[in-house]
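Asks: Same order as they appear, the protein sequences are chains A and W. With my numbering as the guide, the letters of the first sequence map in order to residues 1 to 461. With my numbering as the guide, the letters of the second sequence map in order to residues 1 to 461.
Be a bit skeptical, because a hint or two may be false.
[Claimed, not checked] Here are the in silico distance ranges between beta carbons for each label pair: (1) W:A171 <-> A:T207: 44 to 52 Å; (2) W:R289 <-> A:G316: 31 to 39 Å; (3) A:P433 <-> W:D361: 21 to 29 Å; (4) A:G314 <-> W:G7: 46 to 54 Å; (5) W:K344 <-> A:H216: 24 to 32 Å; (6) A:H216 <-> W:A440: 24 to 32 Å; (7) A:G314 <-> W:G142: 47 to 55 Å; (8) W:D348 <-> A:I364: 37 to 45 Å; (9) A:H216 <-> W:K363: 21 to 29 Å.
[Stated by the list, open to error] Every beta carbon over 10 Å from chain W, so not counted as near; a handful from chain A, in silico: (10) P97; (11) R290; (12) N376.
[What the hints assert, rightly or not] Partial pick of chain W residues on the chain A-facing surface, computed with a CB cut under 7 Å: (13) A211; (14) E219; (15) G222; (16) A223; (17) A224; (18) I286.
These are computed hints drawn from the structure, not numbers from a lab. No experiment lies behind these values; they were computed from the predicted model shown. Here a beta-carbon is modelled for each residue, glycine too, at the ideal position from N, C-alpha and C.
There are 2 protein chains.
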Amino acid sequence: MFNAASGYWTLHASRLLDELKAFLRIPSISALPAHKSDVQAAADWVTNKLTSIGMEHVRTIDGGPDRHPLVYADWLHAPDKPTLLLYAHFDVQPVDPLTLWTSPPFEPTERNGKLFARGSADDKGQGFILLAVLEGFLKTAGKLPVNIKVLFEGEEESSGEHIEEYVNKHAAELGCSAAVVLDCGMYEAGLPTISTGLRGLIAAEVTVTGASRDLHSGEFGGAAPNSVQSLAEIIAKLKTPTGRVRIPGFYKQVKRPDKLELDSWARLPFDEHDYCVNHVGAAGLIGDRRYSVLHRTWALPTLEINGITGGFSGDGFKTVIPAVASAKISMRLVPDMDPQAVAKLFADYVRKVTPKHARVDVKILSASPAMRVETNNPLIQACAQAYKLTFGKDPAYVREGGSIPIAGTFKHVLNAPVLLTGFTLPDCNMHAPNENLDLANFHAGIQAIGRYFTLAGELNG
Amino acid sequence: MFNAASGYWTLHASRLLDELKAFLRIPSISALPAHKSDVQAAADWVTNKLTSIGMEHVRTIDGGPDRHPLVYADWLHAPDKPTLLLYAHFDVQPVDPLTLWTSPPFEPTERNGKLFARGSADDKGQGFILLAVLEGFLKTAGKLPVNIKVLFEGEEESSGEHIEEYVNKHAAELGCSAAVVLDCGMYEAGLPTISTGLRGLIAAEVTVTGASRDLHSGEFGGAAPNSVQSLAEIIAKLKTPTGRVRIPGFYKQVKRPDKLELDSWARLPFDEHDYCVNHVGAAGLIGDRRYSVLHRTWALPTLEINGITGGFSGDGFKTVIPAVASAKISMRLVPDMDPQAVAKLFADYVRKVTPKHARVDVKILSASPAMRVETNNPLIQACAQAYKLTFGKDPAYVREGGSIPIAGTFKHVLNAPVLLTGFTLPDCNMHAPNENLDLANFHAGIQAIGRYFTLAGELNG
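In isolation and in its complexed conformation, chain A is listed as follows (with noise of 0.2 Å):
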């Protein structure tokens, strides 16, 4: 089943990289205004390349003044073969701080075979990586074993809105037998993987409100009651001593994942003691000892307060009695559970449980739903089958416990399997400094995807 695609990838590796280098030269740090033009710079070069493979239809999907662009294309004439949609995205984090880079972060840079740049793992080296997929084909055969969507994004990293809206409005027009999004990595090198789960995610803030301003802890302490005292009784009450969640109902959605997962994770290599220590760096874990740290990050929902401030926290001391305190409080969910309906519960709670001498002001921000992968579906297992053929193992299943909201909508809006996987390494420092790509992980990544085309290709559409 192998093909001239494969040879084409072998003999092309080196101008392969040299066009990733191009591609990651460009700053398109999506958060920050002053690179908005760098992020349309990186949508220009993934509609130039795309129409220069000869996909069709290529076209730069404008978001407006606030927004950053799509880029869409297609190829459509397999007939009676899948459709697969390819989802990764251009922009890029910010880079700071800077003087924790080896190599400056937009000169990619090798070293000890892995490439350095900002966005090498994160996501521009992984999106290339179906570019040169279809390239690769289109090159030699003259067309692809599937038909294919392209539809990258430039503002993951920030807000995501656009993508969100336009899949929503143009859900027919998406329509595919299963969504790829290369925008996850390997549990560990040689290990190839497959998320089988995102969490999903409520942002909430708390403001607690005692006194009407700020007073003198010497004239009114003992009597007025202090904000900060109160947000912390709130907050301890959100959890028990071991890190389980009290809110009433919080785990009532909460199934079991199913055992082909829970086996997967069983084999999987895990130190609890390395991760505490070198992972965590923390004297210990939290969470309900009856479930592994794995079935805790990946399948259990959690709350975590993100950020709190109230009074004074400069330097030296003002013996203030606080008037308002705040926190930032965020829940992941697993599938199953009602984004609307937690939030509810959480945001009741808390009032329940503040004290009657405060006022609390409980705002959601977001809330999103978690999702689930049906790793039966045969567009799955042809992935699976093709990670074994080139890794030479199975994959493993994992779940992670972060949240990519547009799986979730391509679940949803699209009604397609989405398949949840990718070739950085737990060590790519994505988000961080001297963020990197494995340029073996690289090459056998265009690999994997190509005979993964290719199976999928063998399947009904």
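Since the structure of chain A is already known, use the hints to place chain W on it.
Replies: Frame of chain A, contents of chain W only:
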């Protein structure tokens, strides 16, 4: 018993007020390095005034480059009479926010019988009362009814270190029958007031560390400890829901105020609903209901969170698990409590209630004792009598919830009773915009302190 000085103060009322205005025009903000020369100018102003009215041994005491000066003077020609050590401070608070001032803070302005200017109440206006009293006696009788030592400072609103060190080093030279600290106020207009106690202060900082760095809440949520959560749990354990401090032994050394005080407090006008709504501006008060609000704020120790910080609290949202969180925490102590012992109880308790998965660092930044005034001392009673003669009312004996460390130093180092009193009103806006001094109180204050010196002069030294 009235005398020529009384007429002098009436005759010279307008000129004395003009002099006070000149004193107030000096922007002697001790906390701001840019105003260092202004604090020196205020010291020089006091020195010149003391010299011009006939005080002896007048001198500015330099504290070196990092400190503000003290001013000393004396008049010791009343053998067998008591010696009073007069204290006030000639530095002032910063003036931000300037936009909230109706007239410029350093352009003294009369409105509605009040003199508006930074320092008018705290404490230049009150220091000037002492200077005017000395002037009246020296310019009419040519002598004072008691021996007088003057020690004014220029950094009460910043560190206060210079005077503490000076008093400790020169205790013999500063020996006195009583210290007079004119840096307090009246409980309400028309009600002369003597403070019978000041609370001590422990300032502490508690820092909690969870993981070695901020972690992604999606990746590590459910396993990694959250420093803000841990700190909130510690804070929640510091107090009962009604605000009683839970540190074992915290209240052990606290003694019940004597009957004279409790009776005096019971007679004070106090409306708890008005206090809660209009003074505190809260939905409710906290504290142990077995004690009145005045009892709680004056005669019980308290613990307050003065500020808290941890994680991300800027605009937007960052789903981190914060590695580090910290809180500034202060305790107000009442007489008989040992600051070092209480600080240790606090630190031990915080360490004990810190979750096992967190690391905690407790720093005690300062610990000073409370002070009690023996109201039956003849030099305190002489003041009470002078107040009754001037204002037509027995004074209220109140405690100050706040702390004036130098008062404790006078008491403990000089072994002298300390008269804590003053003539500012509750709406004097001390430390705030539109600080003011009631002009009727200013003139009555001069008469009252004049009477006090006369009555004190009838006692044996």
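Asks: Do the numbers back the hint for A211 of chain W, that is, is its least Cβ distance to chain A under 7 Å?
Replies: Holds. Min distance 5 Å.
Asks: Does 21 to 29 Å hold as the CB distance between H216 of chain A and K363 of chain W, or does it fail?
Replies: Holds: the Cβ-Cβ distance is about 23 Å, inside 21 to 29 Å.
Asks: When you take the CB atoms of A171 of chain W and T207 of chain A, is the distance between them in 44 to 52 Å?
Replies: Holds, since A171 of chain W and T207 of chain A (Cβ atoms, about 51 Å apart) stay within the stated range.
Asks: Cβ-Cβ distance between G314 of chain A and G7 of chain W: within 46 to 54 Å?
Replies: Holds, since G314 of chain A and G7 of chain W (Cβ atoms, about 52 Å apart) stay within the stated range.
Asks: Please test the hint of 47 to 55 Å on the beta carbon pair from G314 of chain A and G142 of chain W.
Replies: holds (53 Å)
Asks: Please test the hint of 31 to 39 Å on the beta carbon pair from R289 of chain W and G316 of chain A.
Replies: holds (35 Å)
Asks: Does A223 of chain W hold up as a contact with chain A if the rule is Cβ-Cβ below 7 Å?
Replies: holds (5 Å)
Asks: So the hint says 24 to 32 Å: do the beta-carbon atoms of K344 of chain W and H216 of chain A match that?
Replies: holds (26 Å)
Asks: With a cut-off of 7 Å on the beta carbons, see whether G222 of chain W makes it to chain A.
Replies: Holds, about 4 Å.
Asks: Using the C-beta atoms of H216 of chain A and A440 of chain W, is the stated range 24 to 32 Å upheld?
Replies: holds (26 Å)
Asks: Using the C-beta atoms of D348 of chain W and I364 of chain A, is the stated range 37 to 45 Å upheld?
Replies: holds (40 Å)
Asks: Non-interface claim for R290 of chain A: all C-beta distances to chain W beyond 10 Å?
Replies: holds (12 Å)
Checked against the numbered hints above, the structure breaks none of them.
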